[in-house]
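**Student:** Here's the letter readout for the chains.
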Amino acid sequence: MVFNSLTFIVFFACVLALHWLPLPWRAKKINLLLASYLFYSAWNPPFVILLWVSTIVDWYAAQGLVKAQRQAARHAWMLLSVIANLGMLAYFKYGQFLLDNFSALMHAAGFDYQPAHYDIVLPVGISFYTFATMSYTLDVYLRRAQPAQNLLDYALFVTFFPHLVAGPIMRPTELVPQFAEPRRASAQQLRFGLALMTLGLFNKVVLADSFLAPVAERVYDRANIPGALDAWGATLAFSGQIFCDFAGYSTTAIGAALCLGFAMPDNFRFPYAAVGFSDFWRRWHITLSSWLRDYLYIPLGGNRHGPARTYLALMTTMLLGGLWHGANWTFVVWGGLHGLYLSAERALRARCGHYRPGPLAFLALGLLTYALVNITWVFFRAKTFGKAWQVLRGMFGQNLDVHPILSTFNLLVVTLIIGGILITHWRMRSRTLEAVIARTSALVVGILWALMAFAIIIAQGEGSAFIYFQF
Amino acid sequence: MPSSTSSSEAPRDPYARQTASDRPGVAQPVPVRPLPVHPWGRILLGAFVVLVLLVGAWEAYWRSYGVTPSIRNTFGLWAIQRRRIDAGEGNATVFLGASRAYFDLQLPVWERLSGRAPIQLSYEGTSPMTAIEDLAADPKFTGNLLFGVEPDQFFSGRGLALGVARYAHRESPSQRIGQWLSMHFIEPYFAFYDADYALRTVLARQPWPQRPGKHWFMDVRKLSMHDAQRNAWLWDKVSLDPVYREIARAVWMEEFVPYPDDPTPQEILKTEKEQIGRAVRALAQLRVRGVRVLFVRFPSDGPFLESEERIYPRKRSWDSLLAATGAPGINFADYPEMQGYYLPEWSHMTRPEAERYTAVLYRVIERDYWGPDAPDWPRKVRAVQ
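The listed protein sequences derive, respectively, from chains A and B. In terms of this note's numbering, the first sequence has 325 at position 325, counting the first letter as 1, and numbering is strictly consecutive. In terms of this note's numbering, the second sequence has 255 at position 255, counting the first letter as 1, and numbering is strictly consecutive.
For the record, the hints were derived by calculation from the structure and aren't laboratory data. Some clues are possibly wrong.
A few chain A residues that face chain B, going by a derived Cβ cut-off under 7 Å, partial list only [unchecked claim]:
hint	residue
1	Q63
2	P182
3	F192
4	T287
5	I298
6	F409
7	G446
8	A450
9	F454
Glycine residues also receive a C-beta, built at the ideal position from the N, C-alpha and C atoms.
Here chain B stands alone, though its shape is the one from the complex:
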């Protein structure tokens, strides 16, 4: 290894200093850190004032766009709900799924009707398979599981947040504290603090010229608002602002158009079978502990529904899932009272509609599956009662 600095590169400034690379084979002395001569007090004050003005202007800009503060849906927020199972609520009702199970189920409504707060473990844009495998492996979970089936997530196994269960189990004390600080002191007060308005995201979605040879997909825009208990709902702007609604629809429309990189029908079928196999194995574990699982196919509409029926036809996917797992399911197409809801971007309901839907779904579940008089109530449970 070289051990000296050549004289031609000798530092020339008054702040020059040697480093360990200039002193081979000796004890290294206490480092010297000269301070640049400047009025640092005034610089700090000035920088702070400019910073406050810039942050204020950024916040004002996003508020003028219609954004209001919301709790962020993070792995840390999910972990808080997941820990409820470890903390004595293992027999609670758990919601699992992707964005429809997340936005369309309103926790306050469910709690009002059932008398108990459910645990929301759905995650938008994410297959629930890793989460159900996590629950299946956890002996503390003995409650009811409402398992949302959104075909393009469920049967593809894809997801943005597949590592969330692993994160929850390995979350460090520092991360827990950071989550708590953020949701108490940052998120409730700053509208701009949302992944959709992060600097890179904002710059990346500008209309840059496209490189020839490939279609560049738009990223999904902000669709939802959240609270600290992970109750989520469709952002009002999606339904009230026609321009924003069209953006949201345009993002989905891109996904419905076939592209050369898309998986082949054989690949889709193979993956679909793999996901059903995973569900079968997870449910077998859950059944041993008496967990009641109910699949729910949430409403979708317009081109979204058409795309789902084209890629994942009911008979092949939904019916096969129920047959393979032996678990009951509620498909909105079979229930007139679960149809006709307003889904502004064809995939999620507005908040008032979600509240209405949650109440309807709860009553159907109580009547047909989980209520004491439901025909599907397991015999052994009746016997115990």
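If we strip away everything but chain A, and leave its shape as in the complex, we get:
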């Protein structure tokens, strides 16, 4: 189920009520585990089996890792976990993609190969929970963490509904210890958790779904050729949509967990105020970028084996990071562009490390970063390279004599919301949300809370899925 649905409101009220009952801690954890399975199976019941497979394989792999005496045995247990998880991911997410590419390759080589089309349904959130479970065995393998004390705690770590389908991608060391002792939110935590959920849903339902998504759709999902204003308008709208959608999900998830007394990590830190791309990736989807860094970039050598190896590791990480987002070459290009940006930045820093920009240059570099990030969003949003080139040509003023696509209202929406996002991110780039709220008067906080809740209600969202569910 999705957070922005009536079903979730009822579900969450029941979970909260159960969690507040005077039951033994173990019973409460079992309640949370069953609720999390219900949460997942409310989308497609059979796919809960995949969760069980992933849970059991990694549980036993970690047990095997601890008991193994020889390094070869440890390798084997680690590989079992990686192959099982990536195997599931490969079949469900990349099966058709691989088949289509193999077919295209055969055609290019002159063979008439027509594979059957398998209508494989992508289990929601599979990329998220496979990464979460893999981090468990990998942390044990790398001797960074001890395995969980019992299967219940571990299963709840994998399945805990706030982070299950779209993150934040949690590490076992972040969540499993929280299950060791009884937890129940204080009244203050519950209220602030509800406020965070309102903020997250406002981002998703009002800003992303109601106002920004239709603008991007008008350009990206139709055949009309966009001019410069329409191409930039739609791409900026998408930059806002994907931020509000995904950061909104993370904020709602963090709020939901807080209502139950659990802490989840930050996943976004005002990313559109980033200056440079390393800064961007410290602010955007933090739990994914740090996962890729810890389990891919560093094992590939990181920056420990000279510049050439560093760039290779960087590009490999970002290309695979792109592919993680979706089984389409456009996502690979998106990741590749970010890899190139990061490589270029690293090279520039090596040459001009002493440079310290003044305030205006700092702002200009920030805006340049945002503009270049928008170029990458074109490949993320466009379903085909043809559409991506069409929009890019528009953004660079190459589509002349075309009809306008976006109305004045749509352009106004983009200007106001994206302008608001950029100003907010720049004002808060070195602060936290909590600090800003603490410095705001209680009256203003209350009114803003009410206005956001009111906007959510009158926006009348219809439970559309979060963008990152598909990843």
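Please build the complex by placing chain B on the supplied structure of chain A, with the hints as guidance.
**Tutor:** The following block gives chain B in isolation, referenced to the frame of chain A:
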């Protein structure tokens, strides 16, 4: 990948905390989530009171405009009716079409006359082609099909809800529960809960300055009311409020004026043939199972009728459809008793008129096509009886 935060960007506030990006290559600790110091109890209470007042004012505003609560026509509502075929009503009469088949056929009247509740699967603003292809592929459906033909939807294949059949087959348990909750606890009580009064829709239809170079079409306004069984009827305001009626007419009038982006006559003809081809294939599948299909051209009036006859002349479209499919059809132009109804915005009847029309249509169908004494009653069915 970068692995540390520069000292110049070190957080300065008491709520500052590190993230995983600040801790490369180590086990991540339990996150810390400090709470902003505030009287959260009073804030929550105050916010709730303000929220109730705002929602109350919004509801009062739309009720003063004449809006009353109605069940929403959603994919979920359609899916409920579609599932009746799977649940043992496969031999029922199904209505398929766009808004005229939806608003002009009154289910209670049909049920009273036939003794059986029909299944309404029409969807406004949508070609029924994907829905009939879905029914054609479903062996459980063996009943009668009243297939509404609204030329601009039927022959164009366009639609707002072409994915509804796919949705119905893939609807998740969560979506089903959400539909049930909404139609029992929200929709019957809140007038503002209607797509026409959603925040974005309301803001978008304000008189914003227009960008030069293109005409911006008005969106169709709320035209109908619905109940939980998908009985729909034209909203009273369309007929009783002259200002609103003019708005509804103005929306249609925009569509009748040719614009440079419109498809060419060759493109229209090509699409029309494709849609007829789809109908032929679907009907061939349905006939194998003994499904009786009857095309119905509902009344339209004024500029709407003129536009339809100009773009989709009867001889070329309607007559070709009947000839290609070999199925019978009822065109209102051929039946004096199906003419002269009041269609306030030229496309749909008022509710009393729709009730009268449904009764007339039912009698004609029984007499000429589906009744036991109808001349078109298939011989093999007579033999079985």
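**Student:** Please go over all the hints and tell whether each is borne out by the structure.
**Tutor:** Checked hints:
1. Q63: 18 Å, violated
2. P182: For A/P182, the interface hint is violated, since the closest Cβ of chain B sits about 15 Å away, which is over 7 Å.
3. F192: With a closest approach of 5 Å, the A/F192 hint holds.
4. T287: With a minimum Cβ separation of about 6 Å from chain B (threshold 7 Å), the hint on A/T287 holds.
5. I298: Constraint on A/I298 satisfied, holds at 5 Å.
6. F409: This interface hint holds because 5 Å falls under the 7 Å limit.
7. G446: 4 Å, holds
8. A450: Because about 4 Å separates A/A450 from the closest Cβ in chain B, which is inside the 7 Å limit, the hint holds.
9. F454: Interface hint status for A/F454: holds (4 Å vs cutoff 7 Å).
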